[in-house]
Amino acid sequence: MRRQSVPIVVIALATIGVAFFVLPLLGLVLRAPWGNAARSLSEPETLEALKLSLVASLSATGIALVLGVPMAWIYARLEFPGRAVLRALTTLPMVLPPVVGGIALLLAFGRRGLLGSWLDTTFGITLPFTTAGVIMAETFVAMPFLILTVEAGLRSMDRRYEEAARTLGASRWRVFAQVTLPLIGPSLFAGAVLCWARALGEFGATITFAGNFPGITQTMPLAVYLLLETNPEASFVLSLVLLLISLLVLIGLRHRWLGTA
Amino acid sequence: MHRRTSFVMVAATFLAACGSTGGTAASPSATPLSGTISVFAAASLTDSFKALGTAFQAAHSGATVQFNFAGTPTLVTQIEQGAQADVLASADTTNMDKLKGDGFTVGTPQVFAHNQLQIVVAPGNPKGITGLADLAKPGVIYISEAATVPAGKYSLQALAKASVTVTPKSLETDVKSVVSKIELGEADAGIVYTTDVKAAGSKVHGVAVPDAYNVVATYPLVAVKGTKNADLANAFIAFVLSSAGQSTLESFGFLHA
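Chains as they are written, first to last, in my numbering: chain W, 20 to 280; chain P, 271 to 527.
Just so you know, not all the hints are guaranteed correct.
[What the hints assert, rightly or not] The calculated lysine to any residue pairs, modelled on SDA-like cross-linking and capped at a C-alpha distance of 20 angstroms, are:
#1 P:Lys368 - W:Glu252
#2 P:Lys407 - W:Gly143
#3 P:Lys397 - W:Arg131
#4 P:Lys397 - W:Thr140
#5 P:Lys370 - W:Pro251
#6 P:Lys423 - W:Leu126
#7 P:Lys368 - W:Leu247
#8 P:Lys473 - W:Arg131
#9 P:Lys423 - W:Glu64
#10 P:Lys368 - W:Asn250
#11 P:Lys423 - W:Pro233
#12 P:Lys368 - W:Tyr244
#13 P:Lys397 - W:Thr141
#14 P:Lys397 - W:Asp139
#15 P:Lys397 - W:Gly143
#16 P:Lys368 - W:Thr249
#17 P:Lys473 - W:Leu126
#18 P:Lys473 - W:Ile122
#19 P:Lys320 - P:His330
#20 P:Lys370 - W:Thr140
#21 P:Lys423 - W:Asn250
#22 P:Lys423 - W:Thr249
#23 P:Lys397 - W:Ser136
#24 P:Lys370 - W:Thr249
[What the hints assert, rightly or not] Stretches of chain W that chain P covers, calculated by requiring three or more beta carbons in the stretch to come under 8 angstroms of a beta carbon on chain P:
#25 129 to 137
#26 247 to 255
[Unchecked claim] Beta-carbon label-pair distances, calculated as ranges:
#27 W:Leu45 - P:Asp372: 20 to 26 angstroms
#28 W:Arg58 - P:Val434: 31 to 37 angstroms
#29 W:Ser175 - P:Ala406: 56 to 62 angstroms
#30 W:Leu266 - P:Thr324: 45 to 51 angstroms
#31 W:Leu44 - P:Ser517: 47 to 53 angstroms
#32 W:Leu77 - P:Val434: 33 to 39 angstroms
None of these hints come from the bench; they were simulated from the model. Here the structure is a predicted model, which is why all the values come from computation and not from measurement. The beta carbon of each residue, even a glycine, is placed where N, CA and C say it ideally should be.
Model the full assembly from the supplied sequences, consistent with the hints where possible.
Below, the structure written as structure tokens:
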């Protein structure tokens, strides 16, 4: 390939841009108390937050798979009026400020919310201040990543395999489960990992909708935020853990999201 | 929500502070006060300090006061991490002592107000809460502030004095989010300042905490080291302590310093 000559201005601006991203990460890595990292991570409050974060983010990913894959399939395969609007509505949390998402969740599923008041009076179920509330907030914010990724996978797959299976007499469900799903495996995996990473990092919707209590609703990002005031070093260590996970996710999915370079 | 706004405000005050230094550098000291200061104030001071800021700006037409409201420990962290602040108004002496001990203050912090605790409940008090002991009743969703926030610490002190053991459903990051969750109906009761109940008006109801259990919160304020406009910062502090400033604070329910 012919080497392009790049104007110096472009290089200078790009360098500033790169530094803008790299410096904060560098700050975190340099300021983190590496010597105390193990101790900070093994403190009960940290462990509790870590455990809750894993449980909640994995549950959110599970729910997103169960509900999101059918949604993606419908968006990819069915032509119906309002499809674009519906897709926009259900992927809105990707661009919505998470706090707004949290307020919206309160107004729908809170004790006085549209559905929440019925849940409360009929079953005595209230979702705010519970781990279930955390999972809902994380699912709300993270599921769109899975939906869009899986939809893209469904659109780009070769549908002749499905047609062949149908011709050979397989039921619609069997085609979906045994042909379609394996074919979109990579998208499914990528979508689930992205969704999980987003759920793990969720802050705004969680603290707004589910509140903050150690062991019940205090996930890692919430602990990071509160620890900054009492134990900054532990907060740096937890930040670093979240940073490493995000980095691993991006590196693992680099062929999908960052090109093949 | 508060976190997001406070970051925006920090950024805004920072930019404003950068812009103002060039303009004021050449002014002789005899001219009227001008420029911009940013005041970092405890969340419980939100309404009263906005009013004080407006009154101060009316008295000094060249001056602009910008505010960053958040839980006091958040403000202290922001200042210690390099946020450009000129004045800190804290909701307790502990956080103020920390800032002073770490060398981020100029001069001695001065007490400008006191506050007391009240139980905040929904209008009409549907759960029939009459005192601290009722917070532990089954079926009552009680929320509090994190113990790092002064109000959270005071709540624990009041509950201990009344020998009430209750586990909050959530530890919110400041008093205002406790009030808003009561307003929204998500929680039944919380302990906040008298002034927060007053500020929320008819949207919530306050239940008195008896003096025997109540805690008197002390609010000190101080100029922050590295202020680019010490004259204006000190003028604002003097204004808060003046009789005009004090009567404004009293109109919001604060007790006289």
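Structure-based check of each hint:
For the hint pairing lysine 368 of chain P with glutamate 252 of chain W, the CA-to-CA distance comes to about 17 angstroms; that is within 20 angstroms, so the pair holds. Restraint check: the Cα-Cα separation between lysine 407 of chain P and glycine 143 of chain W comes to about 17 angstroms, which is no more than 20 angstroms; the hinted pair holds. Between the alpha carbons of lysine 397 of chain P and arginine 131 of chain W the distance comes to roughly 15 angstroms, so the proposed pair stays at or under 20 angstroms and holds. For the proposed pair lysine 397 of chain P and threonine 140 of chain W, the alpha carbon gap of about 15 angstroms is at most 20 angstroms, so the pair holds.
This hinted pair checks out: lysine 370 of chain P and proline 251 of chain W have alpha carbons roughly 18 angstroms apart, not beyond 20 angstroms. For the proposed pair lysine 423 of chain P and leucine 126 of chain W, the alpha carbon gap of about 30 angstroms is over 20 angstroms, so the pair is violated. Only pairs whose Cα atoms come within 20 angstroms are accepted, and lysine 368 of chain P paired with leucine 247 of chain W is accepted, the gap being roughly 14 angstroms. A C-alpha spacing of about 15 angstroms is found between lysine 473 of chain P and arginine 131 of chain W, which places the hinted pair at or below 20 angstroms, so the restraint holds.
Taking the CA atoms of lysine 423 of chain P and glutamate 64 of chain W, the gap is about 19 angstroms. The hint holds against a cut of 20 angstroms. Between the alpha carbons of lysine 368 of chain P and asparagine 250 of chain W the distance comes to roughly 13 angstroms, so the proposed pair stays at or under 20 angstroms and holds. As the CA atoms of lysine 423 of chain P and proline 233 of chain W are separated by approximately 17 angstroms, the hinted pair is consistent with the 20 angstroms bound. Between lysine 368 of chain P and tyrosine 244 of chain W, the direct Cα distance comes to roughly 19 angstroms. Compliance with the 20 angstroms bound is thereby established for this hinted pair.
A C-alpha spacing of about 19 angstroms is found between lysine 397 of chain P and threonine 141 of chain W, which places the hinted pair at or below 20 angstroms, so the restraint holds. Taking the CA atoms of lysine 397 of chain P and aspartate 139 of chain W, the gap is near 15 angstroms; set against the 20 angstroms cutoff, the hint holds. Note on lysine 397 of chain P and glycine 143 of chain W: the hinted pairing holds, with a Cα-Cα distance of about 16 angstroms set against a maximum of 20 angstroms. Pair hint lysine 368 of chain P plus threonine 249 of chain W holds up; C-alpha atoms about 11 angstroms apart against a cutoff of 20 angstroms.
Proximity of lysine 473 of chain P to leucine 126 of chain W is assessed by CA-CA distance (about 17 angstroms); at most 20 angstroms being required, the pair is judged to hold. For the given pair, lysine 473 of chain P sits about 18 angstroms from isoleucine 122 of chain W by alpha-carbon distance, which is consistent with the 20 angstroms threshold. Proximity of lysine 320 of chain P to histidine 330 of chain P is assessed by CA-CA distance (about 15 angstroms); at most 20 angstroms being required, the pair is judged to hold. Restraint check: the Cα-Cα separation between lysine 370 of chain P and threonine 140 of chain W comes to about 51 angstroms, which exceeds 20 angstroms; the hinted pair is violated.
For the hint linking lysine 423 of chain P to asparagine 250 of chain W, the alpha-carbon distance of about 17 angstroms falls within 20 angstroms, and the restraint holds. Only pairs whose Cα atoms come within 20 angstroms are accepted, and lysine 423 of chain P paired with threonine 249 of chain W is accepted, the gap being roughly 13 angstroms. Between lysine 397 of chain P and serine 136 of chain W, the direct Cα distance comes to roughly 17 angstroms. Compliance with the 20 angstroms bound is thereby established for this hinted pair. Only pairs whose Cα atoms come within 20 angstroms are accepted, and lysine 370 of chain P paired with threonine 249 of chain W is accepted, the gap being roughly 16 angstroms.
Under a criterion of three residues with beta carbons nearer than 8 angstroms to beta carbons of chain P, the stated coverage of the segment 129 to 137 of chain W is upheld, 3 such residues being counted. For the segment 247 to 255 of chain W, the proposed coverage by chain P is satisfied: 4 residues have a C-beta within less than 8 angstroms of a C-beta in that chain, meeting the threshold of three. Between leucine 45 of chain W and aspartate 372 of chain P the beta carbon distance is about 24 angstroms. The supplied range of 20 to 26 angstroms therefore holds. The hinted range of 31 to 37 angstroms is satisfied by arginine 58 of chain W and valine 434 of chain P, whose Cβ atoms lie roughly 35 angstroms apart.
Between serine 175 of chain W and alanine 406 of chain P the Cβ separation comes to about 58 angstroms, which falls inside the hinted range of 56 to 62 angstroms. The hinted range of 45 to 51 angstroms is satisfied by leucine 266 of chain W and threonine 324 of chain P, whose Cβ atoms lie roughly 47 angstroms apart. The given range of 47 to 53 angstroms is respected by leucine 44 of chain W and serine 517 of chain P, whose C-beta atoms sit roughly 50 angstroms from each other. For the pair leucine 77 of chain W and valine 434 of chain P, the supplied restraint of 33 to 39 angstroms holds, since their beta-carbon distance comes to about 37 angstroms.
When held up to the earlier numbered hints, the structure conflicts with 6, 20 and fits the remainder.
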